[in-house]
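Protein chains in written order, with this note's numbering: chain A, 1 to 304; chain B, 1 to 304.
Please keep in mind that the hints were generated in silico from the structure rather than gathered at the bench. Be a bit skeptical, because a hint or two may be false.
What the hints assert, rightly or not - For each label pair, taking beta carbons as the anchor points, the in silico distance ranges come out as:
#, chain 1, residue 1, chain 2, residue 2, range
1, A, 38, B, 62, 33 to 39 Å
2, A, 109, B, 254, 53 to 59 Å
3, B, 60, A, 201, 23 to 29 Å
4, B, 163, A, 1, 41 to 47 Å
5, A, 122, B, 263, 55 to 61 Å
6, B, 133, A, 155, 47 to 53 Å
7, A, 1, B, 112, 49 to 55 Å
8, A, 109, B, 64, 37 to 43 Å
9, A, 122, B, 1, 57 to 63 Å
Computed from a predicted model, the values in this text were never measured in an experiment. In this text, a Cβ means the ideal position worked out from N, Cα and C, and glycines have one as well.
2 protein chains.
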Amino acid sequence: MIVVLSGGVGGARFLDGVVRALPPDTVTAIVNTGDDFVHLGLTICPDLDTVMYTLAGLSDEQRGWGLQGESFAAMEMARRYGGPDWFSLGDRDLATHLLRSEALAAAQSLSTVTARLCGALGIRARILPMADEPCRTIIDTDEGALPFQEWFVRRRAQPPVRGVRFVGKPAPAPGVLAAIEAAELVMFGPSNPYVSIDPILSLDGVRAALAKKRVVAVSPIVGGRAIKGPLATMIPELTGAPPSAAAIARHYGALLAGVVVERGDEAGLSGPAVHATDTIMRSTDDRLRLANEALLFARGLAAT
Amino acid sequence: MIVVLSGGVGGARFLDGVVRALPPDTVTAIVNTGDDFVHLGLTICPDLDTVMYTLAGLSDEQRGWGLQGESFAAMEMARRYGGPDWFSLGDRDLATHLLRSEALAAAQSLSTVTARLCGALGIRARILPMADEPCRTIIDTDEGALPFQEWFVRRRAQPPVRGVRFVGKPAPAPGVLAAIEAAELVMFGPSNPYVSIDPILSLDGVRAALAKKRVVAVSPIVGGRAIKGPLATMIPELTGAPPSAAAIARHYGALLAGVVVERGDEAGLSGPAVHATDTIMRSTDDRLRLANEALLFARGLAAT
Chain A
1 MIVVLSGGVG GARFLDGVVR ALPPDTVTAI VNTGDDFVHL GLTICPDLDT VMYTLAGLSD
61 EQRGWGLQGE SFAAMEMARR YGGPDWFSLG DRDLATHLLR SEALAAAQSL STVTARLCGA
121 LGIRARILPM ADEPCRTIID TDEGALPFQE WFVRRRAQPP VRGVRFVGKP APAPGVLAAI
181 EAAELVMFGP SNPYVSIDPI LSLDGVRAAL AKKRVVAVSP IVGGRAIKGP LATMIPELTG
241 APPSAAAIAR HYGALLAGVV VERGDEAGLS GPAVHATDTI MRSTDDRLRL ANEALLFARG
301 LAAT
Chain B
1 MIVVLSGGVG GARFLDGVVR ALPPDTVTAI VNTGDDFVHL GLTICPDLDT VMYTLAGLSD
61 EQRGWGLQGE SFAAMEMARR YGGPDWFSLG DRDLATHLLR SEALAAAQSL STVTARLCGA
121 LGIRARILPM ADEPCRTIID TDEGALPFQE WFVRRRAQPP VRGVRFVGKP APAPGVLAAI
181 EAAELVMFGP SNPYVSIDPI LSLDGVRAAL AKKRVVAVSP IVGGRAIKGP LATMIPELTG
241 APPSAAAIAR HYGALLAGVV VERGDEAGLS GPAVHATDTI MRSTDDRLRL ANEALLFARG
301 LAAT
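Pulled out of the complex, with its shape left as it was, chain A reads as follows (with noise of 0.2 Å):
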C-alpha cells in the first residue's frame, strides 16, 4: 500500500502517475482541503476537485484548473446579477459542488459524498480527504489575515506573507491514520509544503503516523522557481531563505527519508537522500516516469 499527501495539480498529476505506475487499489491518496471554502452558497473542494478530475481525466491541462471543455454560463448571469464574481465556478464543475453540497447539508460526511463521486468517474484508488470537518487555511499578511481562497485568487497572492495558520482542529477523516499506518511508503505530492501538505501534517496523528514511515517528497520548486502557485515567494517570505529544493527538505526536516528533485537542485541538500531527475510533468508518460523513478528511489531506501 502507497500514501501520497496532494495539494492540487501538481500533487494530483503526481499522484496520477503512481496511480499509473500501480495497481490503482493499492493507493491512498489523502487530499488537502485547507483551501475549502464557501463560495454562493457551495462548499467547494478545490484539492480534492483537482485530484478528482486529473484522475479521471477530465482535468483542463491547460487552464491548470478546472474541467477539459468547461463553460461558464453560470458566473456569466451571476455577474449580471451583480453577483461576485472573483471566484470562477465552471458549469461542469457547479454539478461537483451542487452535489457535495446538497450531500453535505443531508449530513453526508465529506469523505462519503468524495467516495461517491469518484466511483461515479471511475476512480479506482481510494482518495479520502484529510479531514471531514473543516480545517481552514489561513494568510496572515501584511494587509491582516486572508482566508485562504481570498488571499489567492481574490487577491492574487500579493499580499506578502507573514505566516500560514490553520483555523479548526478536525480529526484525520476516517481511514487517513489507518492508511498511513498501514502503508509501504509515504510520498508528498510536489505541492506547497505550507499551505498544501501543512495542513495535513497539522492533523493529530498524522506526524506521529509518518514518523514511523518511509516519507519521500517531491520537490515543487525547479531552478529556483515554482512551476505554479505562490510558493517561490512564500519561502523567503516565511524563511528568509532563497527558494530552492533544500528549503522544502528544511522544511520537512526529520519526517523525510528521500527527497526527489529536479535535476541542478541538489544545491544545499543534507539529510534526506536525494534524487534528482526531470520532475515537470508535462505529459501523462511524464508522470509515470517520474512515480515510477521515485517510487524506485523510494523502495531502495532504508525506513526512516
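Chain A is fixed; fit chain B onto it per the hints.
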C-alpha cells in the same frame, strides 16, 4: 395602481402586456410560490423566475420555460455523477437559484432577494412573491400525495388529480395586502386557478382584501383546451365539468367582476361581465393588445 396575480408562463406574458401598457412602476405582480421546491440544495421558484425572465425579455419563448440561449452543461455533468436529472436546470438559470439560495441562507427574505434580482435585470414593475415563507402545493392523486413538482415534472402530470392542498400557512409577503388594498383594479392572469392562483387566495387576508376590489380574470382555457399545462384535465378531475371559461369563472365565483375569455368560449358564463377576444399571446404585440383590452374592459366595470 394595478395588481396582477400570476403563476407561470400565461400569467407572466399577460403581466408583461400590462407592464407594457402602463407605467411599469404602477404595476405590482403577486406571484405564486406554491410550486417552489428545494432541488440539489437550491431553492427554486419556478413562477417567480418565469415572471422575472419574461419581464426582463430573457425568457425562451419557444421552449416555454427558462432562459434564451440556455445551456445544460451542469445537468449533463450531474447526470454523469448519477445525480437527479428529472428537473432540468439550465446553466444561466443556476445563477438565479444560487444567488437566491445564498441570500435565503443568509436570512434575507424571498421578497428582498426577488427585488434585488429583478432590479439587477432592469425590471421596473414590482414583483412580490405571495409569501416569504414556504407554502407548498400538494397534489392528491390516485397514487397518493405528491409535491407539485414531483407530480407535474417528474410524473409529467399523469397521475389523476383528486385534490389540491397547500401545506404551510405563511403570512402574505410584506406589501401583498397593501398592494391589493391600494389597487384600482386586480387582474388574475391566465394561470391555472387550482395550482397558480388558489395558493395566493389561500393566504390569510387575501380573499377579504380582494372582496373589496374590482377583480377581472383572464381565462386560461381556449376552446376547451389549456394553452399550456395540465389544466384541461384537472377541471374535469376536480369538478366533473368539462374544461371551459365558465368552469374558471365558477371557480372564482363572487370574487370576479369580469372575465376575459377567448372569442367563442362565452357558453355557460353567468355572473361576471364577459369580454370575448383573442386571448392567445404569441407575440409581445398580442400581450400588449390583450392587456389593453382587459384594462379597458375592467375599467368600464363597476367595482363588485
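Tested hints:
Range check, residue 38/A to residue 62/B: about 37 Å between beta-carbon atoms, so the 33 to 39 Å window is met. Range check, residue 109/A to residue 254/B: about 57 Å between beta-carbon atoms, so the 53 to 59 Å window is met. Range check, residue 60/B to residue 201/A: Cβ separation about 52 Å, and the 23 to 29 Å hint is violated. Residue 163/B and residue 1/A have their C-beta atoms about 60 Å apart, which leaves the hinted 41 to 47 Å range violated.
In this structure, residue 122/A and residue 263/B meet the distance hint of 55 to 61 Å, their C-beta atoms being roughly 60 Å apart. Between residue 133/B and residue 155/A the beta carbons are some 39 Å apart, a value that contradicts the proposed interval 47 to 53 Å. Checked against the hint of 49 to 55 Å, the pair residue 1/A and residue 112/B passes, with Cβ atoms roughly 53 Å apart. Separation of residue 109/A from residue 64/B is about 41 Å and conforms to the stated range, judged on CB atoms against 37 to 43 Å.
Taking 57 to 63 Å as the suggested C-beta distance range, the pair residue 122/A and residue 1/B conforms, at roughly 59 Å.
Consistency with the previously given hints fails for numbers 3, 4, 6, ordered from lowest to highest.
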